[in-house]
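Participant: Residue strings, one per chain:
2 protein chains.
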Amino acid sequence: MDVQSTVKNQIHEWLKNNRDQGVHLLVELVKADSTQGNEKAAQKIVIETLHDLGLDVDVWEQGGEEFLNHPYFVSPRTEFKGSPNVVGIKKGTGGGRSLILNGHIDVVPAGDVEQWEHHPYSGKVVDGKLYGRGATDMKGGNVSLLLALAALQSLSIKLKGDVIFQSVIEEESGGSGTLSAILRGYKADAAIIPEPTNMKIFPKQQGSMWFRIHVKGRSAHGGTRYEGVSAIEKAMIVIKHLRKLEQIRNERISDPLYEKVPIPIPINVGTIEGGNWPSSVPDYVKLEGRFGVSPDETIDEAKSEMENWLLALKDVDPYFAEQPVSIEWFGARWVPGAIETDHDIMKDLIANYQKVIGEVPIVEAAPWGTDGGLLTKVGATPTVVFGPGVTEKAHHPNEYIEIEKVFEAAEIIAFTIIDWCGLDE
Amino acid sequence: MDVQSTVKNQIHEWLKNNRDQGVHLLVELVKADSTQGNEKAAQKIVIETLHDLGLDVDVWEQGGEEFLNHPYFVSPRTEFKGSPNVVGIKKGTGGGRSLILNGHIDVVPAGDVEQWEHHPYSGKVVDGKLYGRGATDMKGGNVSLLLALAALQSLSIKLKGDVIFQSVIEEESGGSGTLSAILRGYKADAAIIPEPTNMKIFPKQQGSMWFRIHVKGRSAHGGTRYEGVSAIEKAMIVIKHLRKLEQIRNERISDPLYEKVPIPIPINVGTIEGGNWPSSVPDYVKLEGRFGVSPDETIDEAKSEMENWLLALKDVDPYFAEQPVSIEWFGARWVPGAIETDHDIMKDLIANYQKVIGEVPIVEAAPWGTDGGLLTKVGATPTVVFGPGVTEKAHHPNEYIEIEKVFEAAEIIAFTIIDWCGLDE
Numbered sequence: 001m002d003v004q005s006t007v008k009n010q011i012h013e014w015l016k017n018n019r020d021q022g023v024h025l026l027v028e029l030v031k032a033d034s035t036q037g038n039e040k041a042a043q044k045i046v047i048e049t050l051h052d053l054g055l056d057v058d059v060w061e062q063g064g065e066e067f068l069n070h071p072y073f074v075s076p077r078t079e080f081k082g083s084p085n086v087v088g089i090k091k092g093t094g095g096g097r098s099l100i101l102n103g104h105i106d107v108v109p110a111g112d113v114e115q116w117e118h119h120p121y122s123g124k125v126v127d128g129k130l131y132g133r134g135a136t137d138m139k140g141g142n143v144s145l146l147l148a149l150a151a152l153q154s155l156s157i158k159l160k161g162d163v164i165f166q167s168v169i170e171e172e173s174g175g176s177g178t179l180s181a182i183l184r185g186y187k188a189d190a191a192i193i194p195e196p197t198n199m200k201i202f203p204k205q206q207g208s209m210w211f212r213i214h215v216k217g218r219s220a221h222g223g224t225r226y227e228g229v230s231a232i233e234k235a236m237i238v239i240k241h242l243r244k245l246e247q248i249r250n251e252r253i254s255d256p257l258y259e260k261v262p263i264p265i266p267i268n269v270g271t272i273e274g275g276n277w278p279s280s281v282p283d284y285v286k287l288e289g290r291f292g293v294s295p296d297e298t299i300d301e302a303k304s305e306m307e308n309w310l311l312a313l314k315d316v317d318p319y320f321a322e323q324p325v326s327i328e329w330f331g332a333r334w335v336p337g338a339i340e341t342d343h344d345i346m347k348d349l350i351a352n353y354q355k356v357i358g359e360v361p362i363v364e365a366a367p368w369g370t371d372g373g374l375l376t377k378v379g380a381t382p383t384v385v386f387g388p389g390v391t392e393k394a395h396h397p398n399e400y401i402e403i404e405k406v407f408e409a410a411e412i413i414a415f416t417i418i419d420w421c422g423l424d425e
Numbered sequence: 001m002d003v004q005s006t007v008k009n010q011i012h013e014w015l016k017n018n019r020d021q022g023v024h025l026l027v028e029l030v031k032a033d034s035t036q037g038n039e040k041a042a043q044k045i046v047i048e049t050l051h052d053l054g055l056d057v058d059v060w061e062q063g064g065e066e067f068l069n070h071p072y073f074v075s076p077r078t079e080f081k082g083s084p085n086v087v088g089i090k091k092g093t094g095g096g097r098s099l100i101l102n103g104h105i106d107v108v109p110a111g112d113v114e115q116w117e118h119h120p121y122s123g124k125v126v127d128g129k130l131y132g133r134g135a136t137d138m139k140g141g142n143v144s145l146l147l148a149l150a151a152l153q154s155l156s157i158k159l160k161g162d163v164i165f166q167s168v169i170e171e172e173s174g175g176s177g178t179l180s181a182i183l184r185g186y187k188a189d190a191a192i193i194p195e196p197t198n199m200k201i202f203p204k205q206q207g208s209m210w211f212r213i214h215v216k217g218r219s220a221h222g223g224t225r226y227e228g229v230s231a232i233e234k235a236m237i238v239i240k241h242l243r244k245l246e247q248i249r250n251e252r253i254s255d256p257l258y259e260k261v262p263i264p265i266p267i268n269v270g271t272i273e274g275g276n277w278p279s280s281v282p283d284y285v286k287l288e289g290r291f292g293v294s295p296d297e298t299i300d301e302a303k304s305e306m307e308n309w310l311l312a313l314k315d316v317d318p319y320f321a322e323q324p325v326s327i328e329w330f331g332a333r334w335v336p337g338a339i340e341t342d343h344d345i346m347k348d349l350i351a352n353y354q355k356v357i358g359e360v361p362i363v364e365a366a367p368w369g370t371d372g373g374l375l376t377k378v379g380a381t382p383t384v385v386f387g388p389g390v391t392e393k394a395h396h397p398n399e400y401i402e403i404e405k406v407f408e409a410a411e412i413i414a415f416t417i418i419d420w421c422g423l424d425e
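Just so you know, the protein sequences line up as chains D and A, in that order.
Here the first sequence stands for residues 1 to 425, where the numbers follow the working numbering.
Here the second sequence stands for residues 1 to 425, where the numbers follow the working numbering.
In isolation and in its complexed conformation, chain D is listed as follows:
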């Protein structure tokens, strides 16, 4: 047996014998509510873990002119005090390829708490599943990365290339945490992001961006509602119109990587708000949502198509000729990204998946954006997305992750680190 195989066997054994440590870490991370602006407590746990692993730790609060004015900067906020990014570096001995392991620490809001069986920040473990907001998206994946690093560290494995672990903020709001890491100088020969792909391998990922649509009505007394124009009813027409655009845009997608994805680039209307008095006809409705961007189009092309489509509302309802809706692109935006399906990092990941799982992995396109678009396009770091957890649970009530998958992913990633960075025997 070669050294490489011996080391992989040792890692396999180590992960089998250190399950409690991994589960404990994930419970602690899930308990630390890290919604936007509240990331500090969770990052503190990450920092302590990285120190325990003997890594060089870099902690910073993002900001500054270059960053805030960068063309790829998007965020609903410009002040990040109390929301640190964290990087841990395992320096290689030289001569190997470097690898970024990137995961985001921020989670989306828990939503209607009543729809959760266990409290969203309980971290409760039942039947091999760990429950809580962020368990799947993506603290489970982050723990896979940390477990891989812990195994390497505990077994005193030396690598030729650098491994750069990143725990970033703001992925759910467009990736300014990863952008900040790129501007701080962190680049590598490849990157893995363990977002919840359900152990599928995603070389390609949808981009997306947030929109806000303003729909105007005309107020009137509710008792004579026929004298006004309800912005709520007009918003219903707008939403229906968006459904049609979604259909047209998705019919154009022919990449076989999207074969099993029902809607490759969805248009999601996420929030609605309008009217200010029950007895008045509402004169205004605001819609906010997420617009999927194909890897085969630019952000600007996608914006134009949406804007022109909204102008065509006047053909659906002449009212919109008089009162056209307006659109803003705000807050988050995820750049689409893709690497070749036969890129070396893909080959290593596929081979190690087969070694650990004993099956051929599914290679698909991601149904959502990740920070991989930024890493690939802005950071010149070819990125593949692969991780435990299923999208069906991300952003849902009762989000959970199968603990077993966290360890499987840790093993596959640890093996891939060795193959990619190279063992210093």
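Don't take every hint at face value.
[Stated by the list, open to error] Computed far set for chain A versus chain D, every beta-carbon distance over 10 Å: (1) D52; (2) Q153; (3) A332.
[Claimed, not checked] Derived pair list, reagent style DMTMM-like, types lysine to aspartate or glutamate, alpha-carbon separation capped at 20 Å: (4) A:K244 to D:E227; (5) A:K240 to D:E328; (6) D:K286 to D:D342; (7) D:K240 to A:D317; (8) D:K244 to A:E227; (9) D:K286 to A:E328; (10) A:K286 to D:E273; (11) A:K377 to A:D296; (12) A:K81 to A:D112; (13) D:K200 to D:D342; (14) D:K200 to A:D317; (15) A:K260 to D:E227; (16) A:K200 to D:E328.
[Unchecked claim] Which residues of chain A face chain D? A partial, calculated answer using Cβ under 10 Å: (17) I239; (18) H241; (19) E288; (20) P318; (21) E322; (22) P324.
I should point out that these hints are in silico values taken from the structure, not numbers from a laboratory.
As the structure is a prediction and not an experimental result, all values here were calculated from the model.
We put the CB at the ideal spot given by N, CA and C, even for glycine.
Following the hints, position chain A against chain D.
Facilitator: Positioned in the frame of chain D, the structure of chain A alone reads:
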């Protein structure tokens, strides 16, 4: 010429010669933003005016156990500090019928200020129109009442019956101001409410009440929106379903008083709010609105019909069998009311309308509720609604009133006071 006619001629002259005083008062009242909770400044103007007219003035902040627990008490609030009710009494010499002149001082919010040509609290006068929130609903009508009283006072006209002027809060939220006045003991042989009827005479009025509907969805990541259930899309089905109920309910209305009203008892969806993240499928939407109640049904009958109709949503979309919507009746409620079309107060009002305008007035049913339902049903005071201003402008941006109509209504009401209460010659 009899004394009655002489006096009426004097009133006509007085109103012609005191236009500036009336316009000035209305401008001042409109400038005093009297949205819910902010009524004090406008009431101060009313109090000063009543003192100047030599009336007995009663000012109080409503409250107390009996009031708050009264079956007809409805309000989004239970604390009314800083929101006084005002009554001014012109005591009669005895032997005549008493008359309540009731108007509300509260106005609905201005809504989207950008849709206003002049600022909503400008009180700007252009081409005989006075602009501002509340100009039509119903500070214009209130000024008609005060002008009628001012004419009587200036001309030293003595009446046999009492005249009770009321400037109440909370009409736009269900009439607790008028309820409080009733419980304080203010009742009369008839009442006039100068809501904006466009100078039509309304012996019958729609009731209405506010509802809040909770629609549940199931959250999911927006990138895989097909894995969730959008509460916004389900809310669209609910709104469409409500439209059908509105149609069914209105087809039943056969009273000729409603002949020219397009939708006698509308269902207005006034506000919508749901979702909390652009990239998530919204798991909850809240709708608030106003449900018109026919004078021929009870509040409870109307509630039952709505509640059963919402249960039937499951036949429209099986999803609602699993996740039924829930409904609350909250905040405001206006009791429907009606008096006979040949009631004496109707006869006096119709006769004086003809005298002043020279035409037969239009007698119709009100397309909205007023405090008249409470006065008639709870206060045992038969109430007719008649005033300047048009419903089309109430609750609208660019609300205005034609100043001329304010004076015409003042004259008709002053004449009716004389006929109803009786001149003490």
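Participant: Give a verdict on every hint.
Facilitator: Checked hints:
no.: 1; hint: D52; verdict: holds (32 Å)
no.: 2; hint: Q153; verdict: holds (33 Å)
no.: 3; hint: A332; verdict: violated (7 Å)
no.: 4; hint: A:K244 to D:E227; verdict: holds (19 Å)
no.: 5; hint: A:K240 to D:E328; verdict: violated (28 Å)
no.: 6; hint: D:K286 to D:D342; verdict: violated (44 Å)
no.: 7; hint: D:K240 to A:D317; verdict: holds (17 Å)
no.: 8; hint: D:K244 to A:E227; verdict: holds (19 Å)
no.: 9; hint: D:K286 to A:E328; verdict: violated (24 Å)
no.: 10; hint: A:K286 to D:E273; verdict: holds (9 Å)
no.: 11; hint: A:K377 to A:D296; verdict: holds (14 Å)
no.: 12; hint: A:K81 to A:D112; verdict: violated (28 Å)
no.: 13; hint: D:K200 to D:D342; verdict: holds (15 Å)
no.: 14; hint: D:K200 to A:D317; verdict: violated (35 Å)
no.: 15; hint: A:K260 to D:E227; verdict: holds (14 Å)
no.: 16; hint: A:K200 to D:E328; verdict: violated (46 Å)
no.: 17; hint: I239; verdict: holds (7 Å)
no.: 18; hint: H241; verdict: violated (13 Å)
no.: 19; hint: E288; verdict: holds (4 Å)
no.: 20; hint: P318; verdict: violated (20 Å)
no.: 21; hint: E322; verdict: violated (13 Å)
no.: 22; hint: P324; verdict: violated (15 Å)
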